[in-house]
Amino acid sequence: MSGKITILIIDDEERFLKTLSERLEMRGFDVTTASNGSDAVRIASEKEFELALLDLKMPGLDGEQVLKLLKENDPYIEVIILTGHGSLESAVNCSRLGSHGYLQKPCETFELLQVLKKAYKNRVRNKMRMDEDGINRLVGQSGDETEEAILRILKKAEEEAG
Amino acid sequence: MQKKTSGASASINPLSSGQSDSAYFGQLKARLRWQLLTAYALPLLLLALYFHYHYTATLRQGIDNQLKSTAENQRNTVDLFLQERVSNLKSIFRTDVMHIPPPGQEMENAFADLKHESSTFVDLGLFDPQGRLVSYQGPHTQLVGKDYSSEAWFGEIQSSERNYIISDVYLGFRGKPHFIIAVKRTAGGRSWVLRASVDPEKFGQFVKSSYLVEDAEAFIINSQGTRQTLSGTDDMPDENRPPPVRTPETQIVEMKVSDRHYLKAITWLTENNWAMVVRIETDKAFAPIRKARIVSVGIVIIALILIVLFVFRNTNSLVHKLEQATEAKQHLQHQLFNAAKLASVGEMAAGVAHEINNPLAIIYEEASMMKDIINPQFNREIKMDDIRERMEAIIEATMRGRTITRKLLAFARPHEPDPEPTNMNLLISRILESREMDFKVSNIEVETDFTDDLAVAMVNPNQMDQVMLNLLNNAKDAFDGPGKVVVRSRINDGMVEIEVEDNGRGMPPDVMEKIFFPFFTTKSVGKGTGLGLSISYGIIKTLGGNMDVKSRPGEGTTFIIRLPMQKTPPCGERQLPGADENDE
Numbered sequence: 025m026s027g028k029i030t031i032l033i034i035d036d037e038e039r040f041l042k043t044l045s046e047r048l049e050m051r052g053f054d055v056t057t058a059s060n061g062s063d064a065v066r067i068a069s070e071k072e073f074e075l076a077l078l079d080l081k082m083p084g085l086d087g088e089q090v091l092k093l094l095k096e097n098d099p100y101i102e103v104i105i106l107t108g109h110g111s112l113e114s115a116v117n118c119s120r121l122g123s124h125g126y127l128q129k130p131c132e133t134f135e136l137l138q139v140l141k142k143a144y145k146n147r148v149r150n151k152m153r154m155d156e157d158g159i160n161r162l163v164g165q166s167g168d169e170t171e172e173a174i175l176r177i178l179k180k181a182e183e184e185a186g
Numbered sequence: 004m005q006k007k008t009s010g011a012s013a014s015i016n017p018l019s020s021g022q023s024d025s026a027y028f029g030q031l032k033a034r035l036r037w038q039l040l041t042a043y044a045l046p047l048l049l050l051a052l053y054f055h056y057h058y059t060a061t062l063r064q065g066i067d068n069q070l071k072s073t074a075e076n077q078r079n080t081v082d083l084f085l086q087e088r089v090s091n092l093k094s095i096f097r098t099d100v101m102h103i104p105p106p107g108q109e110m111e112n113a114f115a116d117l118k119h120e121s122s123t124f125v126d127l128g129l130f131d132p133q134g135r136l137v138s139y140q141g142p143h144t145q146l147v148g149k150d151y152s153s154e155a156w157f158g159e160i161q162s163s164e165r166n167y168i169i170s171d172v173y174l175g176f177r178g179k180p181h182f183i184i185a186v187k188r189t190a191g192g193r194s195w196v197l198r199a200s201v202d203p204e205k206f207g208q209f210v211k212s213s214y215l216v217e218d219a220e221a222f223i224i225n226s227q228g229t230r231q232t233l234s235g236t237d238d239m240p241d242e243n244r245p246p247p248v249r250t251p252e253t254q255i256v257e258m259k260v261s262d263r264h265y266l267k268a269i270t271w272l273t274e275n276n277w278a279m280v281v282r283i284e285t286d287k288a289f290a291p292i293r294k295a296r297i298v299s300v301g302i303v304i305i306a307l308i309l310i311v312l313f314v315f316r317n318t319n320s321l322v323h324k325l326e327q328a329t330e331a332k333q334h335l336q337h338q339l340f341n342a343a344k345l346a347s348v349g350e351m352a353a354g355v356a357h358e359i360n361n362p363l364a365i366i367y368e369e370a371s372m373m374k375d376i377i378n379p380q381f382n383r384e385i386k387m388d389d390i391r392e393r394m395e396a397i398i399e400a401t402m403r404g405r406t407i408t409r410k411l412l413a414f415a416r417p418h419e420p421d422p423e424p425t426n427m428n429l430l431i432s433r434i435l436e437s438r439e440m441d442f443k444v445s446n447i448e449v450e451t452d453f454t455d456d457l458a459v460a461m462v463n464p465n466q467m468d469q470v471m472l473n474l475l476n477n478a479k480d481a482f483d484g485p486g487k488v489v490v491r492s493r494i495n496d497g498m499v500e501i502e503v504e505d506n507g508r509g510m511p512p513d514v515m516e517k518i519f520f521p522f523f524t525t526k527s528v529g530k531g532t533g534l535g536l537s538i539s540y541g542i543i544k545t546l547g548g549n550m551d552v553k554s555r556p557g558e559g560t561t562f563i564i565r566l567p568m569q570k571t572p573p574c575g576e577r578q579l580p581g582a583d584e585n586d587e
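Chain order of the listed sequences is A and B. Just so we're aligned: 89 in the numbering used here is position 65 of the first sequence, and the numbers increase by one with no gaps anywhere. Just so we're aligned: 159 in the numbering used here is position 156 of the second sequence, and the numbers increase by one with no gaps anywhere.
None of these hints come from the bench; they were simulated from the model. Wrong hints could be hidden among the right ones.
[Unchecked claim] Sample of chain B residues at the chain A side, in silico, Cβ under 7 Å:
1) H357
2) N360
3) N361
Here a beta-carbon is modelled for each residue, glycine too, at the ideal position from N, C-alpha and C.
Let's have the full structure, built from the sequences with the hints guiding it.
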């Protein structure tokens, strides 16, 4: 468990959820899934997550409400919206509620990982009150620049900070 | 005006009953024409009638008065004439002028004097108190010595207080019509009578010769109604009527004599019991009235013709303008319908697009996963079953996509304007299916309660789709959170009834009464055009049905649509693609 970035994926499309989580696991994430909002909120209250991927149109709890509750539960969690829907209004709303990114399905894996990386950097920055230079220094030391590597480094740094 | 090519009975006002346009305008034109014609013609006729009768009454009065005054003038003239004749006679019968008995030439001289005064005198006779003619001058010398004591006139003058009389016309001993003027001279209780005969023909000439109204005849009648003078045109002495009553004022009567109508003035002489009659044929008398009548009628007819022309021209142009305006409005309405339809297609498209993204995302992930599997970097075992499973997932996802696009295509059918028999249960099901996702995602439960009977209504399916979508959207928007919508269908009173009931926030009465008005919306700016319900209402009304709403704030709203049915199920009912191929 340690060394891996924890991510909670919330989507009502079961197949999609399963395959995406597998693929992220293969890329070194520690993935937990939830297929509806209330489950997600419950899971988040039991375990700390660093990142979250959230679909908006779900039965039961509305996506935006879930976002709000997740942020209330842990303000440092970075939530990225991943929706089949998509409107400017919705994006603005979510941003105001504290989301980090707004992506539309289907989303290219490369882009998804980019956003996750940025989100994680943001989290580290906020949590450790580190600035951009500090992070770059940390990353530059290793000489490895793949996303996975960067994320690993950051994760390690965060863990060591406690 | 262009002929309408859309054969359907689309009425000019979607809120009015389904009557064809040309029939409506035809009726309107006729109604307008009658109203205007009546409004103009009636006062004209009333006024014309009133003034005509008033005028002709005045004219008539004038004619009567003229006749009267003619008669009176005549009468006065005759009165004067008679007075003069009496006076003539009296003056020659003065004691100092005529002796009794008259010697020698005296009678002759007296008669000459009389004739000198007036040529109407025929003869002169002196009668002793016993009534015997003792002295005579004139053509009927055979009368001398005759006894006149039993003659009416003799008795009358002897007994009268007046010392003269004027008799009626009679034949007498001579056998010829004449009348007499007699004066008496009394000496010692015995009266001698001097009598002169007057030629009624000459007298008549005199009467006639006085000034008369053109075309009038004048004559004299006695108290029995017998003519005393001869009139010009006919010699009928008797008038076929009861004898006139002596009145101080002149009478005017209308009378028919031997197939001719006359207007008569009857005025009584003072000297005698005679009446002066002036008569004129009514045709001639009333000629001015007839003329006035003809002129009035002519004017009225011309005025009526002008009015009719004017009214027809004006109503035609007015109704024509109305028709044009209506056509323009209908055109706009069609455009509005189309625009609204496009808007709902847009809505539909957004929903569909969203729905398609999910299957696409699945395809992406599965395909990407298979790439990952064959990527040595991940060091994963390639299991055939795993691969197969993922391929199947991809195939399933594409099938899902196909279903969605089919729904969209089913909605975007080409426009058919004419209503056709449509199974409403099927139509509603199709619409509900297309919105299924949307409702599920908003946590709204949709329940259906369809009639088992064949609910086939005469509708335009395209338009009906729009209406149902509109109602379902409104129902969905009635909730802020989860809720329930029930869609029912049934047959009632020969019509198909469809209900869309929600248990959302409902409407107060003041909102409900405006709910079908165009541009009325309870949604915030930019969220609703306010056109959906008014367009839906218009569609339903055009189809010959009606739409109603019930609502209670806090409890919910129900929209009820009633549609006319097709009585007998048609053969070749329109089938949806893929439905029941066994019928082929």
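Taking the hints in turn, this is what the structure says about them:
1. H357: holds (5 Å)
2. N360: holds (3 Å)
3. N361: Where the cut-off is 7 Å and the nearest Cβ of chain A is about 5 Å from B:N361, the hint holds.
Checked against the numbered hints above, the structure breaks none of them.
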